[in-house]
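Undergrad: Start from the sequences, fold in the hints, and give me the full structure.
From first to last, the protein sequence lines are chains A and B. Every letter in the first sequence is one number past the one before it in our numbering, and letter 145, counting from 1, is 145. Every letter in the second sequence is one number past the one before it in our numbering, and letter 256, counting from 1, is 256.
It should be emphasised that the hints constitute simulated quantities derived from the structure, not laboratory data. Only a predicted model underlies this, so the values are computations on that prediction, with no experimental measurement involved. It cannot be assumed that every hint is accurate.
Unchecked claim - Listed below are the simulated BS3-like cross-link pairs for lysine-lysine, each with C-alpha atoms no more than 30 angstroms apart in a straight line:
no., chain 1, residue 1, chain 2, residue 2
1, A, Lys400, B, Lys34
2, A, Lys318, A, Lys419
3, B, Lys315, A, Lys400
4, A, Lys390, B, Lys317
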Amino acid sequence: MSDAILTFDHVEKSFFGVRVLKGISLDVPRGKVLGLVGENGAGKSTLMNLMGGVHAPDRGQMLLNGAPYAPRTPSDANAAGIAFIHQELNLFTNLSIAENIFIDGFPRLRWLPMLDRSHMRARTKQYLEAVELHVSPDTLVEKLSPGERQLVEIAKALSFDARIIIFDEPTTSLTARETERLFRLIERLRSDGASIVYISHILPDVMRLADEIAVLRDGELVAHGDKEAFTINRMIALMVGRAIEQLYPPRRSAPTTTPVLEVQDISQQGIVEAITFTLHKGEILGVFGLMGSGRSELARILFGLDEHARGEIRVAGKPYTRPSARRSIDAGMAFVTENRREEGLLMDIAIAENIGLVALPRYAAATVTAVNERRYFTEITDVAASLAIKGGELRQQAVKTLSGGNQQKAVIAKWLLDKPAVLIIDEPTRGVDVGAKYEIYSIINDLAAAGTGVLFISSELEELMGVCDRMLVMSNGEIQATFSRDEFEKERILRAAFRENAA
Amino acid sequence: MMEAEVKEPNRAVTRSQLVATSSARGTVRRVLRKLLLSEYFVLYLSIVYFLALWPFIPRIASPQNLGNIFSNMWPLLAIAIGQTFVLIIAGIDLSQPSIMALVSVIGAALMTSQLDPVLFEKSPLWGIVFTEAGGPLAGAFLAAPVAIMVMLLVGALIGWFNGTAVARLKMPPFMVTLVGMMFFSALAIYLVKSENIIHLPESYVLLGQGQIAFIPYSFFIVGALAIAAQWLLSRTVLGRWFYAVGANVRTATVSGVPVTRVIVTAYILSGVFAAIGAVFYSARLAAGRPTLGATLLLDVVGATVIGGTSLFGGKGKIMWTVFGVLFFVLLDNSLNLLNLSYFWVQIVKGSVILLAAALDVARTRLLARG
Ligand SMILES: Nc1ncnc2c1ncn2[C@@H]1O[C@H](COP(=O)(O)OP(=O)(O)OP(=O)(O)O)[C@@H](O)[C@H]1O
Ligand SMILES: [Mg+2]
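TA: The following block contains the structure:
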């Protein structure tokens, strides 16, 4: 293999006595894209955290351009020319783009303790042009879409002239167009001589971008070589340690015709328009749409988190007015939100308490009486085990210490302590590895078999086609078409999704 | 399928040498780290501080001074417990001292058995609530318990008001309670024209001054309340909701936590605990004082935060607050023994709080590094 810009030399890392990296030696090739893949919790982010100065290795060392490299903080790493675009973005949303880019060292006016704003603005403008983001440097980051925020992170990497740029699952919240733009940008960075590490669970993307591929399993490097030596199936087999025959579990039950969720003419100005559909007991109903088509907004309205101006919702036949999250839960609804860090989890709180939060009142006679902890923790442990949540002592460790995929499972777990009658699940497989995806589909199947009606929102058409009984296609806040399983056909569905106005 | 795969050839390492030299220093670092991250860190800090001062101020360990330190802790702790609840839900209650002033005045106005007309004739309450012959409860059999109930109720009411403004009107807690602080302390002064109300019933005064085997009543009452508060936080549904709301309101909302109710409850508890503190302080003074607690804000917030309860919410324990209060009372006591002026005392206290904040950041960073 080629010349290495950075070398991991038998690095080890443990958390709370659990070995997460078990002596990894790996060369990061210079001027190329290294694709890094592995199951959730395999240690990909942890390995990159060593390089990015977030954690220090317990054993072993790193060499940068042949010299020992031991960053103590992320700014050390930046100073050494290493940029880490994290799985969860790290920008200050209340500051402007320019301020974010210069946050680690604001340029000052020569004799005054004041910021040199015009210099900041001019430099930022230049970086933004380089990443093809055409907005003013003064724009507040909170006004930007996830894809645009990521471009800001990349612009920031350019600002300190990063020679190595790490992308940790960069596409999870990007639209198809933004993803395409990102890929072009990565290819350009590489041709400019930067070395890239690209982590993703979307293996076709890795195949497309990477020059070399490295596979981690359980904290060990199980394979590393040129892309040509890999196929997607081989990567999967290496990641999970066995071959996976199917991507989607077989359905073992059929939907009934008993309605559990009836939605009649739900409308809200500028968000959704005249949404009408019925979800049946035991049915998996997909909702497909591009980002911004109104699918997540619809879910929020149905669950009572956002207002609606008109229309009627019935759960299990009962009309249900003045919705609120608590009333929805009491009526038997569950809502796995798409955004786990902001709305799904309490990042600093223990894994077990996160899983228990929704069903909590059930374990005590009143809000100010003692929780039956034995029952509470037993049931939480059972759910965690049934979803195979890996990587932590449930009652001690904060949920943020879980790997991304296991965090996602924790979000699902919190809704399963009470068997829901209606499960609304929004992008549940984002950032989740192939094996865990299969497990999540199986969980959805099992719930449907037990009578739950599932509203499955996703922007991955393949998975909806693989799992659903029926599919609604949304665009512009309206339902454009409904397809039953025997009508599933990629072309037709996509055409409906791209339609601008109702036919 | 293919199993065993390419492993990089072993590289010759200088690792063994590295490990050997760093092991001794490593042990020291590990112990320090463990101390810093320990729940009992502030308790250790207090003990070290005490022992360090002992040679210089021998008086600090005299039985009488130790008794002082001990009995000074409990009224302050009562107030700090209330603050702990509010900090856990990511709020802050700056109005606590003003609540103390107002309820101490109201309670005393109800109970007093004699007022000097020269001092109180101008009070808006003169002739309506009290006269020369004292307040409406003057000499009544249950004067003290009834007045205390009223005091707690007023504390709860102000807390409810704060909580409602924060939770329903979405006003920043800092603003709401800052305005509350100015308003209610001004009200307390206005009601009694800056005068202290004395001649309180003996049973009330006893609450602040009485002891059982040299242990003040406040210890038993506040101690029991502290245990109850910790139980509430760690064992009940409501307690878990406090942490959830403080850690992430949006997640809590989606998960069906009644966020508004939780926030209002925290502020009510803060008001009630401030009122409880006021009962002890004013009983000890044997007076209702319109400036009661005016200097306590720094102590309360400082003690709670030094204990380890986070200003950002989602994290806190009553036990930590107990340690924080111990540390503050000790600090206060030692500075008094050194005969420092009020200004120096404030300067030193301020620096200590700053130091505590820095330590908190260091601890958080250590924790994050795993
Ligand atoms: N700060 C931490 N404290 C405790 N455990 C941690 C910490 N960071 C990571 N871990 C554990 O280390 C293991 C590897 O995590 P890591 O985030 O590296 O996985 P990953 O390969 O990036 O997975 P994913 O694809 O899900 O993001 C997991 O079991 C995780 O729980
Ligand atoms: Mg990761």
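Undergrad: Could you run down the list of hints and mark each one as holding or not?
TA: Now the hints, each set against the structure:
The suggested pairing of A:Lys400 with B:Lys34 holds, with an alpha-carbon distance near 21 angstroms, which does not exceed 30 angstroms. For the proposed pair A:Lys318 and A:Lys419, the alpha carbon gap of about 19 angstroms is at most 30 angstroms, so the pair holds. Taking the CA atoms of B:Lys315 and A:Lys400, the gap is about 15 angstroms. The hint holds against a cut of 30 angstroms. Taken as a hint, the A:Lys390 and B:Lys317 pair is honoured in the structure, with Cα atoms around 29 angstroms apart against an allowance of 30 angstroms.
Going through the hint list in order, the structure satisfies each hint without exception.
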